[in-house]
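Protein chains in written order, with our numbering: chain A, 30 to 302; chain B, 2 to 220.
Keep in mind that the hints were calculated from the coordinates and are not lab data. None of the values given here were measured: they were computed from a predicted structure. C-beta: ideal position from N, C-alpha, C; glycine also. Do not take every clue at face value.
Stated by the list, open to error - Covered by chain B, according to a simulated footprint, are these stretches of chain A (three or more residues, beta-carbon under 8 angstroms): (1) 66 to 77; (2) 211 to 223; (3) 246 to 253.
To be verified - These stretches of chain A come out as covered by chain B in the derived footprint (C-beta under 8 angstroms, 3 or more residues): (4) 102 to 114; (5) 227 to 233; (6) 259 to 266.
To be verified - As a list, the in silico SDA-like pairs of lysine to any residue whose alpha-carbon atoms are at most 25 angstroms apart: (7) LYS129(A) - THR3(B); (8) LYS81(B) - ALA28(B); (9) LYS129(A) - PRO179(B); (10) LYS132(B) - LEU205(B); (11) LYS81(B) - ASP46(A); (12) LYS129(A) - HIS181(B); (13) LYS81(B) - LYS129(A); (14) LYS129(A) - ASP174(B); (15) LYS129(A) - PHE176(B); (16) LYS129(A) - ILE191(B); (17) LYS81(B) - THR50(A).
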Amino acid sequence: MAAGGAVMSVVADNYFDGVGTFLTTSSNWWGPDGLVHYLRDHVIYTAIIVVVAALIALPAGLVVGHTGRGIVLVAGLANGLRAVPTFGLLVLVYVWLSPKIPINRHDVLFLPRGAVRAFVPVVLVLMLLAIPPILTNTYAGIQAVDPQTRDAARGMGMRGGQVLRMVELPIALPLIMSGLRSATLQVIATVTIAPFLPLLGGLGRPIADGAESAGGNPPMIGAAILVAALALSADGVLNLVQRLIVSPGVSGRFRSQPGVTTAPTVEAQLTVA
Amino acid sequence: MTSVWHYFFDHRSDITSWLYTTLWLGALPVVIGLVVAIPLGWLAYRYRWAYPPIVSGAGLLYTIPSLVLFLILPGILGTKILDPLNVAVALTIYAIALLVRVVADALAAVSQDTLAAATAMGFTSWQRFIKVQLPLAIPVIGAGTRVAIVSNVSLVSVASFIGVIQLGQLFRDSFNAPTHQIPPAVLGVILFFVIAFVYDLILLLAIRLSTPWQRAVRS
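Looking at chain B on its own, in the form it has when it is part of the complex (with noise of 0.2 angstroms):
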């Protein structure tokens, strides 16, 4: 262990620059993929022709293969292979495709009794939806994003096999080195399952924050 931490403090600069990407390349992807899929997932769930293409889509997307998407995009996007952006792009879309067909069910499982009673509260079917349908599902909508923001971190160190610079960098500097480096390719290791470790303690704790009616039943 403590080579690795000699490690760490002989590259604290590098490693630290390549941290702030890992993080947002961690993040922002699912996001974003989160406020696009919720009015996607609304129209699948409203509409009943507009599931089976939305979701089916979805699931041809997901098939694809991250790294594919990768090679693919910056043909279409202009981007370049290495720019974190075009990485970013295919992670979001990666991110849409997986919560998408989950905001469609969780939608569908929120209790048609409790939509009807906010109908007849005197609820605009806007306000029904921002106020009553929407909290009511995040509990599903949450347990679908933490493993979207798991796996997504996950998906970050794939990009570093074609040769995406963040942390995943740790990974083939451990590699390249003349005799193989076991320090790097540990700290890479546990630096990425603290991130994801973090940001789905995060995101468990916003789901608790902003459902409290859950720990009133509870109690």
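Next comes chain A alone, as it looks inside the complex (with noise of 0.2 angstroms):
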């Protein structure tokens, strides 16, 4: 921590003290141990969790929403990751699998050499937590829509992937949007514990080095304050993006139309909150 020293030494004697200093020095905020660098870290690791999990929820949500087959599992699987204790099974996996990972012979784009055997288990874990609110979201959204909408698309001609893709998808989008939200809330505030393993970086880093010391220090702090700060920021980000790819008609923000609102179910609207 040799970018907070200076203002560590000073003696606090009020809990936020320094904490402004050391946010408004700039040498605190450049360099390898700066907080642009683990603000950096932090945005990169989210992003592959958070498209990981997309990856695999996104897909698993269409069909199960669109068949209708398979919702009881996949609710309940939903509900027991919730369950899943993040910590606990991060350690879990990075003890047991780590060792069977090689080492990288070279840095790869963001991570140090050796970190991907780190790096490997808090992608697998952290895309645990955000499945569940994306895979929701999705059959939810797919689910709520207008059963008459679907017959007159058919009506109309369109196949199954066709309804899929130009009517359910769109008016479930609204819906989605919410949960890849909260999930990438929930990563922001998740990978945090990253840097507990080793050579991990992200705004966990000053957090765990100052964890040691049992009272608050600014660079603690001041981190904790940039991962709030993330979040917030992330969330207003992605509901611009909902503002721009979410059809106006489905929106309601062409004309206020009372009926085309879809209507949440209670698991859905809980991920969302």
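Need the complex rebuilt from these two chains, each delivered in its own frame; the hints are there to steer you.
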């Protein structure tokens, strides 16, 4: 924690003393131990995890929602995954799996040498956190499509795939997007624990280092504030994306049509919360 | 599996005391959260102007990562970061944030005809709320509470990252051993699952017992 050394030496009698100074000192932002570097890693990790989770959960949710098969199984699975003690599973998977992963000889883009052993468990475990909201919101969104609308699409001669792509997906998009949003928020929040494993960065690094000392310290609290700021801005950005890609006819901004808003199930509303 | 048992018996006094901390950290925040969320949710349901600020405020709170709350609260409450009380308050805030919206929406979903009938029968608005509206909202509120308690137990494990002493300590022990040990981590994951499962089951039973009319209709 060379970057924060000067500030940390100030004895704080107020808990937040020094945090402002820490966050406004430019030397704390740049360099290999700087906040920009941690922030970059945090964003990259989050993006990879959410994309991997979406690649699994989106198609699965679309198929389950469209065919109506396997809903009980998927809902039960999603509920079970909620009970996963994320931190515990991360340690377990790391301790068990990492000796089996060959060490990479070079730095891979954003990972320092050897960090693959810790990064793979992080992706595997945090993926389990991101899958349930995307999966449940996707199938609930498709299921909530008015059957008459679906019948009308069939009646116009659309095939199953076309109905899914051109009718069900656009109508379910608001709910799917809120699933993606809550998945992203959860991953941003929880990827903070990644630096418990060796060689991994992200905004959890100053927190992990600071946790050894029982009190608070400016780098630790500063990083925590940045995690919150990142979560809020990611939510804002995804909200904007949602506004851009959801058809105005569906979102009701085109003209207020009380009939078009989809009625999310309780399950879906909860994951949106 | 045998090594997991051995680990458990060798460390049972530690594990038992951690278990107690984890049990109350897993349940109490949700119980208090529900007690606070019901009046807040009612307020949001009853007064149209109160709904947007209460529900979006709760949403905003829910956006703030739990780990961040663990680290910010000591500055506000004067607690120590590693104090279980600090974690309990953070988790309570989280539970309130999740449940307020559920309560408001559950109350709004109760049929207006039923409420009108209760009024016509001479219920005062307080009686109507306690004896008619709240009971009818139990299935939805209960479903939300089940989600809240299961996620809450999972969040308790995250608190081990900053070193709060509870069952999550098993994971730190697993990791900090000179050569990494698998048994404590396996034991920890199993115990956390069991706690979440048992709490979920208790809630499910409580919901069933308090809504006998649901089964009457089904049969």
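Evaluation of the provided hints:
{"no.": "1", "hint": "66 to 77", "in the structure": "violated (count 0)"}
{"no.": "2", "hint": "211 to 223", "in the structure": "holds (count 6)"}
{"no.": "3", "hint": "246 to 253", "in the structure": "holds (count 3)"}
{"no.": "4", "hint": "102 to 114", "in the structure": "holds (count 5)"}
{"no.": "5", "hint": "227 to 233", "in the structure": "violated (count 1)"}
{"no.": "6", "hint": "259 to 266", "in the structure": "holds (count 3)"}
{"no.": "7", "hint": "LYS129(A) - THR3(B)", "in the structure": "holds (23 angstroms)"}
{"no.": "8", "hint": "LYS81(B) - ALA28(B)", "in the structure": "holds (21 angstroms)"}
{"no.": "9", "hint": "LYS129(A) - PRO179(B)", "in the structure": "holds (18 angstroms)"}
{"no.": "10", "hint": "LYS132(B) - LEU205(B)", "in the structure": "holds (21 angstroms)"}
{"no.": "11", "hint": "LYS81(B) - ASP46(A)", "in the structure": "holds (16 angstroms)"}
{"no.": "12", "hint": "LYS129(A) - HIS181(B)", "in the structure": "holds (14 angstroms)"}
{"no.": "13", "hint": "LYS81(B) - LYS129(A)", "in the structure": "violated (39 angstroms)"}
{"no.": "14", "hint": "LYS129(A) - ASP174(B)", "in the structure": "holds (21 angstroms)"}
{"no.": "15", "hint": "LYS129(A) - PHE176(B)", "in the structure": "holds (16 angstroms)"}
{"no.": "16", "hint": "LYS129(A) - ILE191(B)", "in the structure": "holds (23 angstroms)"}
{"no.": "17", "hint": "LYS81(B) - THR50(A)", "in the structure": "holds (22 angstroms)"}
The structure fails hints 1, 5 and 13 (numbered hints given earlier, in ascending order).
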